[in-house]
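Build the full structure now, drawing on both the sequences and the hints.
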Amino acid sequence: MNSCQHAEKIVDYRLNQLTEEEKAVFEAHLKSCEICQHELQVEMAIENELSAELDPGFIENRIKARLQLRQARDVRSFWLYAFRMAVYGVTATIVSMILLPVLLKFPLSSVLDLSKYSSGLAGLLGQLAPFNAFVVIFGFCYIAVFFASMYTLTQIRR
Amino acid sequence: MESRLADVGHLIQSARDGDERAMTELITIHKGLVFTIILRMTNDYHTSQDLTQETFIKVFMNIRKVKNAEHFKPWMCTIARNVVRDYFRKVKRKRTVSFEEIKELHGHSNIEITRKRVIIQDAMAKLSEKDRMLLTLTYYQGLSLGEVARVMKMSENNIKVCVHRARKRLRKYLEGYEHELLSTC
Ligand SMILES: [Zn+2]
Chain U
0 MNSCQHAEKI
10 VDYRLNQLTE
20 EEKAVFEAHL
30 KSCEICQHEL
40 QVEMAIENEL
50 SAELDPGFIE
60 NRIKARLQLR
70 QARDVRSFWL
80 YAFRMAVYGV
90 TATIVSMILL
100 PVLLKFPLSS
110 VLDLSKYSSG
120 LAGLLGQLAP
130 FNAFVVIFGF
140 CYIAVFFASM
150 YTLTQIRR
Chain Z
0 MESRLADVGH
10 LIQSARDGDE
20 RAMTELITIH
30 KGLVFTIILR
40 MTNDYHTSQD
50 LTQETFIKVF
60 MNIRKVKNAE
70 HFKPWMCTIA
80 RNVVRDYFRK
90 VKRKRTVSFE
100 EIKELHGHSN
110 IEITRKRVII
120 QDAMAKLSEK
130 DRMLLTLTYY
140 QGLSLGEVAR
150 VMKMSENNIK
160 VCVHRARKRL
170 RKYLEGYEHE
180 LLSTC
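Read top to bottom, the protein sequences are chains U and Z.
With numbering that gives the first Met the number 0 applied, the first sequence has no gaps in its numbers, which climb one by one up to 157 at the end.
With numbering that gives the first Met the number 0 applied, the second sequence has no gaps in its numbers, which climb one by one up to 184 at the end.
Below, simulated DSSO-like cross-link-like pairs (lysine-lysine); rule was C-alpha separation at most 27 Å, straight line:
no.	chain 1	residue 1	chain 2	residue 2
1	Z	LYS152	Z	LYS66
2	U	LYS22	Z	LYS167
3	U	LYS63	Z	LYS64
4	Z	LYS167	Z	LYS129
5	Z	LYS89	Z	LYS129
6	Z	LYS159	Z	LYS129
7	U	LYS63	Z	LYS57
8	U	LYS8	Z	LYS129
9	Z	LYS171	U	LYS22
10	U	LYS30	Z	LYS171
11	Z	LYS159	Z	LYS125
12	Z	LYS89	U	LYS63
13	Z	LYS125	Z	LYS167
14	Z	LYS159	U	LYS22
15	Z	LYS167	U	LYS30
16	Z	LYS89	Z	LYS152
17	U	LYS8	Z	LYS159
18	U	LYS8	Z	LYS167
19	Z	LYS152	Z	LYS125
Just so you know, the hints here were simulated from the structure itself, not pulled from any lab data.
Quick caveat, the model's predicted, so the values are computed rather than measured.
Below, the structure written as structure tokens:
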């Protein structure tokens, strides 16, 4: 296939990006140039294909069904998560209550012993046995983490 | 055009409130656009059907984020693009579309049209993801240059330059197929 330098202009011509002057020159040339006429035909065939809208068929109901399923699953997994967190929490508390008396026989107990502090919350906790102090601190941390994660989850769902 | 935009605005509002009929209508109006984009990007009929559904699910789950009906279409196209990207990240392989699948697309088995479609799709598959997206959006009837620019996150002038280049590259990949492209429609 021979080439013609004017054929360079065809894409711009079809995209309407030539100046009026360029357009007039090109159109005049087009009348007498078979190469450009052929090239223009090819470009238009390509355009024709590219502008075709493809049809996915009837998918409306499937989308709505899947959407409902997804939303139901989200709600379910939210409560499942909350339930699981609660179970973990209770288990962890029980385990730590059983483990702590054992732990307190080790030097670690001196670290946890808050009785040497006398003021503020530490002082209040110090009034209690170190065992109780640890459970209280653990309880606070656990509740904080639990609510923080619940809050995050509700944000994600939105 | 103005009134249609207002209609879409109402549909979005109703869909936000959970109106199923509004949702159905929004899907019916836009499914062709979404599916066309996705099929041109993935080259796989069944995957595209699935990803089109996935796109609409994402659209409806996030529809409260649409503040302006004008931005709905570009926003939806962006979601479709991201859904395709996620998909490719998962499978990391591309497949070319088979003849049978393309015939399915149109219901009728007009071989000339489908043969042309395969030729163009194969050439499109050789382009970069950006070029393919750009050409699909530009030649799709019913998207303005401004909307295309919004999806591509480019200026309108930049779009023109890039479309020109992409078209030249596509033309190069179609060398040797001219006669098939020109055969009777
Ligand atoms: Zn010429």
